[in-house]
Amino acid sequence: MQNIERDTLEVDVLFVGAGPASLAGAYKLRQLINAHNAAAEKSGQKGLGEVVIAVIEKGREIGSHMISGAVMDIRALAELLPDYLERGAPLESIVTEEDVSYLTEKRKLKFPIIPPPLDNHGNYVVSLNKLIRWLGPIVEESDVMLLPEFPAAETLFDGDRVIGVRTGDKGIGRDGEIKDTYTPGADIFAKVTVLGEGSRGSLTKKLVQKLKLDRGRNPQVYAVGVKEIWELPKGSVKPGFVMHTLGYPLPDDTFGGGFVYGMQNDLLDLGLVVGLDYRDPFTDPHRLFQQFKQHPAIAKMLEGGKMLYYGAKSIPEGGYYSQPKYYGDGFLIIGDSASFLHSQKLKGIHMAMKSGMLAAEAIFEALLADRYDDEQLSRFRQLVEASYIEKELYEVRNFHQAFENGRLLGLMESGLQWLFGGVGIAGDHLHAKPGHTRIRTLDYVVGWEPKDPGEVPELPAVKYDNKLTFDKVTDVYRSGTEHDEDQPSHLKVLDVNICIEKCTKEYGNPCQYFCPAAVYEIEAEGGGRRPKLNFSNCVHCKTCDIMDPYQIIDWVTPEGGGGPNYINL
Amino acid sequence: MKIIVCLKQVPKNDSILRISETGDWIQDRDLTYEINESDAYALEEALQLKEKHGGEVIALSLGPARVQSVIKEALARGADRGLHLEDPAFDKLDAFGIGAVIAAAAKTEQFDLLLTGLQSDDFGFAQTGVVAAELLGAPHATIVMAVEVAEGSMRVKRELESGYFQWVTLPSPAVLTIQSGINTLRYATLKGIMAAKKKEIKKLDAAALGLDSNVLAPKQQIRRVYFPQKTKLTEMLEGSPSEVAAKLLDRLANEARVF
Numbered sequence: 009m010q011n012i013e014r015d016t017l018e019v020d021v022l023f024v025g026a027g028p029a030s031l032a033g034a035y036k037l038r039q040l041i042n043a044h045n046a047a048a049e050k051s052g053q054k055g056l057g058e059v060v061i062a063v064i065e066k067g068r069e070i071g072s073h074m075i076s077g078a079v080m081d082i083r084a085l086a087e088l089l090p091d092y093l094e095r096g097a098p099l100e101s102i103v104t105e106e107d108v109s110y111l112t113e114k115r116k117l118k119f120p121i122i123p124p125p126l127d128n129h130g131n132y133v134v135s136l137n138k139l140i141r142w143l144g145p146i147v148e149e150s151d152v153m154l155l156p157e158f159p160a161a162e163t164l165f166d167g168d169r170v171i172g173v174r175t176g177d178k179g180i181g182r183d184g185e186i187k188d189t190y191t192p193g194a195d196i197f198a199k200v201t202v203l204g205e206g207s208r209g210s211l212t213k214k215l216v217q218k219l220k221l222d223r224g225r226n227p228q229v230y231a232v233g234v235k236e237i238w239e240l241p242k243g244s245v246k247p248g249f250v251m252h253t254l255g256y257p258l259p260d261d262t263f264g265g266g267f268v269y270g271m272q273n274d275l276l277d278l279g280l281v282v283g284l285d286y287r288d289p290f291t292d293p294h295r296l297f298q299q300f301k302q303h304p305a306i307a308k309m310l311e312g313g314k315m316l317y318y319g320a321k322s323i324p325e326g327g328y329y330s331q332p333k334y335y336g337d338g339f340l341i342i343g344d345s346a347s348f349l350h351s352q353k354l355k356g357i358h359m360a361m362k363s364g365m366l367a368a369e370a371i372f373e374a375l376l377a378d379r380y381d382d383e384q385l386s387r388f389r390q391l392v393e394a395s396y397i398e399k400e401l402y403e404v405r406n407f408h409q410a411f412e413n414g415r416l417l418g419l420m421e422s423g424l425q426w427l428f429g430g431v432g433i434a435g436d437h438l439h440a441k442p443g444h445t446r447i448r449t450l451d452y453v454v455g456w457e458p459k460d461p462g463e464v465p466e467l468p469a470v471k472y473d474n475k476l477t478f479d480k481v482t483d484v485y486r487s488g489t490e491h492d493e494d495q496p497s498h499l500k501v502l503d504v505n506i507c508i509e510k511c512t513k514e515y516g517n518p519c520q521y522f523c524p525a526a527v528y529e530i531e532a533e534g535g536g537r538r539p540k541l542n543f544s545n546c547v548h549c550k551t552c553d554i555m556d557p558y559q560i561i562d563w564v565t566p567e568g569g570g571g572p573n574y575i576n577l
Numbered sequence: 004m005k006i007i008v009c010l011k012q013v014p015k016n017d018s019i020l021r022i023s024e025t026g027d028w029i030q031d032r033d034l035t036y037e038i039n040e041s042d043a044y045a046l047e048e049a050l051q052l053k054e055k056h057g058g059e060v061i062a063l064s065l066g067p068a069r070v071q072s073v074i075k076e077a078l079a080r081g082a083d084r085g086l087h088l089e090d091p092a093f094d095k096l097d098a099f100g101i102g103a104v105i106a107a108a109a110k111t112e113q114f115d116l117l118l119t120g121l122q123s124d125d126f127g128f129a130q131t132g133v134v135a136a137e138l139l140g141a142p143h144a145t146i147v148m149a150v151e152v153a154e155g156s157m158r159v160k161r162e163l164e165s166g167y168f169q170w171v172t173l174p175s176p177a178v179l180t181i182q183s184g185i186n187t188l189r190y191a192t193l194k195g196i197m198a199a200k201k202k203e204i205k206k207l208d209a210a211a212l213g214l215d216s217n218v219l220a221p222k223q224q225i226r227r228v229y230f231p232q233k234t235k236l237t238e239m240l241e242g243s244p245s246e247v248a249a250k251l252l253d254r255l256a257n258e259a260r261v262f
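Sequences listed follow chains A and B, in order.
The letter at position 27 of the first sequence is residue 35 when you use the working numbering, and the numbering goes up by one with no holes.
The letter at position 47 of the second sequence is residue 50 when you use the working numbering, and the numbering goes up by one with no holes.
Among these hints, one or two may not hold up.
Heads up, simulated DSS-like pairs for lysine-lysine below, C-alpha to C-alpha not over 30 Å straight-line [what the hints assert, rightly or not]: (1) Lys200/B with Lys54/A; (2) Lys118/A with Lys242/A; (3) Lys201/B with Lys199/A; (4) Lys242/A with Lys15/B; (5) Lys202/B with Lys110/B; (6) Lys5/B with Lys235/B; (7) Lys218/A with Lys441/A; (8) Lys471/A with Lys235/B; (9) Lys213/A with Lys355/A; (10) Lys160/B with Lys187/A; (11) Lys205/B with Lys5/B; (12) Lys187/A with Lys75/B; (13) Lys205/B with Lys55/B; (14) Lys53/B with Lys187/A; (15) Lys194/B with Lys213/A; (16) Lys53/B with Lys95/B; (17) Lys116/A with Lys399/A; (18) Lys540/A with Lys118/A; (19) Lys222/B with Lys206/B; (20) Lys475/A with Lys399/A; (21) Lys15/B with Lys187/A; (22) Lys475/A with Lys235/B; (23) Lys214/A with Lys222/B; (24) Lys242/A with Lys194/B; (25) Lys187/A with Lys199/A; (26) Lys199/A with Lys5/B; (27) Lys194/B with Lys475/A; (28) Lys233/B with Lys308/A; (29) Lys75/B with Lys200/B; (30) Lys15/B with Lys475/A; (31) Lys353/A with Lys314/A; (32) Lys242/A with Lys160/B; (33) Lys235/B with Lys187/A.
Part of the chain B face toward chain A, derived, beta carbon under 8 Å [stated by the list, open to error]: (34) Asp33; (35) Thr187; (36) Tyr190; (37) Leu193; (38) Lys194.
These are computed hints drawn from the structure, not numbers from a lab.
For each residue, glycine too, the CB sits at the ideal point set by N, CA and C.
With the sequences and hints as input, model every part of the structure.
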């Protein structure tokens with residue numbers, strides 16, 4: 009397969025991944041260029057001429073892979089599109105009512121006041137999915153080329169300089185054979201390549217490794233959020249109602265919490281965030297979410313309702329100290345891919361958008377200077393440094409690290425940080441370990457030892473009644489996920505022997521539990537066992553790539569168009 | 004040869020469906036769309052015929068602004084130009100109305116072949132192509148599995164029941180409704196998408212097609228849409244494998260009467 013003839017495309021600026029960061033960045037860049045060219049024309053000077061901006065996206069449509077909470081700070085949106093209301097931005101509601109509660113197994117204890125970090129006064133309940141489906145056409149009309157169904161398969165380099173990306177091949181069979189429809193991926197060359205792939209971007213991961221962009225930084229830590237959207241009886245959902253919970257069903261040593269948001273049209277949005285630095289190898293975020301719904305206070309809210317949609321997403325919550333160096337020769341990294349996310353509020357949409365807009369300013373200057381090297385693009389860092397997102401990130405720079413020793417200590421520690429402007433008890437830069445190294449071996453599961461390989465302890469009782477609670481496969485169906493079955497698995501397990509010979513004994517194959525989409529199964533085969541990958545279930549959350557204790561799972565982009573078809577999430 | 008291929012945009016086939024407040028159709032809020040499955044095969048057939056015999060492929064779609072994405076997809080895969088039939092008066096058409104509008108649009112082109120899918124995934128009437136053919140005074144063949152084009156005529160293979168096929172020869176111009184799965188769908192390439200940006204999409208409304216409200220008045224109407232009642236009953240047969248097999252055989256022979 010050496011001499012493949014590939015389509016090539018030369019653009020000026022290429023954004024990878026059509027999320028809030030890239031779309032805001034591409035739109036902003038077009039505005040800057042248009043304004044410059046118009047002014048230049050007026051004064052009879054030469055402007056920048058035609059600048060081609062493209063955004064590639066792995067999803068079937070712009071928006072189909074978009075999922076978030078979300079309660080959004082609309083600051084960046086208002087800066088990008090001051091007339092967002094006239095243009096019909098699909099905001100569900102300004103936050104009208106707030107509730108922060110601690111859950112025990114049976115009870116709900118409401119905090120008498122809203123802790124300041126969780127105060128959402130002035131923010132909006134939104135569906136990121138709806139927002140991006142609305143924003144996409146606006147960006148496209150502004151003369152930005154949007155290319156859905158074109159996943160970035162690899163970064164193209166000239167030495168260490170990024171010169172573009174190669175999109176994924178199409179028409180390859182499950183065993184790697186070439187099908188009649190084989191269409192090789194295209195090479196897209198750009199002066200600047202902007203990675204806005206979202207959490208744990210597959211190209212970003214390899215770029216960070218190759219160029220050691222994480223040197224001197226904390227490792228990234230993540231959480232995974234699983235959520236459902238319910239339709240409730242007419243008039244029973246208050247748009248703008250926002251509830252956050254701590255406690256049940258998460259054990260004290262696990263970071264995370266629940267959320268319930270009221271949307272328009274009787275839709276209720278609820279989910280559970282689970283830190284991907286938990287100890288218990290049998291931790292199952294999807295199962296925990298089902299337990300969350302069984303809590304009397306939550307179950308009551310869902311009475312008479314019907315579950316419509318399901319989805320899951322990982323969240324980079326390492327914060328300021330775990331941001332990689334996000335610029336270099338020929339590239340910038342924006343949004344979740346560069347950990348532009350407020351780790352305490354778990355808010356990333358406004359930061360993603362703003363990071364994209366600041367990247368646009370840096371790229372605009374680079375286009376004027378016609379220079380795209382590390383030094384020129386370091387303007388992005390300067391612009392971030394002078395912006396409000398840097399301030400927000402810096403204030404909570406030690407937040408997640410404080411939770412590494414459990415929730416109770418973490419609450420105390422983060423409370424003190426809040427008082428003292430972000431400084432941790434142990435100093436001004438608290439360090440962290442990657443989440444997957446914190447998962448404990450089977451002997452940690454107290455009072456239980458497997459007699460046979462593959463035996464599991466009794467897990468918390470969840471009865472899947474298909475009314476309130478659903479098994480993973482049922483939920484995945486509600487994510488609209490589809491992949492052509494006749495393609496190679498996009499989940500590369502680098503050494504299957506480790507799964508059976510080491511992982512079963514040491515950790516009990518936690519992939520079966522942490523994956524919220526039932527991708528991983530360990531099958532009995534003959535007298536032995538082997539992993540089975542139902543890759544077509546994958547909702548692209550990247551939890552496996554993040555949490556696998558041996559780091560032998562590599563998530564790569566599947567054939568273009570595959571993945572969830574999220575609606576309203 | 005000049006081929007017009009009719010593409011309907013339908014809700015994605017695994018959409019979560021909710022009944023509209025008026026109770027006579029599904030809610031169109033929160034739906035995503037795709038090309039009707041058999042229409043995609045009709046498009047592929049048109050592209051392959053063009054590659055073999057030369058000519059032109061025109062992608063036609065009827066509906067609101069959103070259906071332009073279907074036309075663009077066809078242009079990216081290799082269709083030469085688009086026809087977008089859009090008018091508020093087209094919103095609530097039945098199969099006859101859709102067939103009539105398509106026929107009127109087809110008359111503006113000297114076509115050799117008009118292709119549609121076998122039936123739509125949403126209404127499933129399987130009438131549009133046949134009605135259009137009748138109104139155009141052109142011969143038609145339905146459930147087409149293969150197309151062989153000769154000078155001024157074509158030979159097509161039709162699917163009948165129980166695994167039987169029929170070969171029919173028709174003069175052109177003709178209308179064919181294409182069965183799913185008769186070819187292998189191609190992917191849109193980056194080059195194709197770039198080329199599609201320069202291709203023309205012509206818009207035609209009721210006035211441009213000379214259609215009056217008489218033609219467009221619905222001849223049939225959906226009164227009510229509802230979910231089928233679940234009457235499925237699962238019964239587990241118990242016993243050893245051979246006992247279960249005997250019981251199963253008995254039920255198949257005497258209750259289901261499949262033998």
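Violations among the numbered hints, reported as their numbers in ascending order: Going through the list in order, the structure violates hints 6, 16, 17, 18, 20, 23, 24, 25, 26, 27, 32 and 33 and respects the others.
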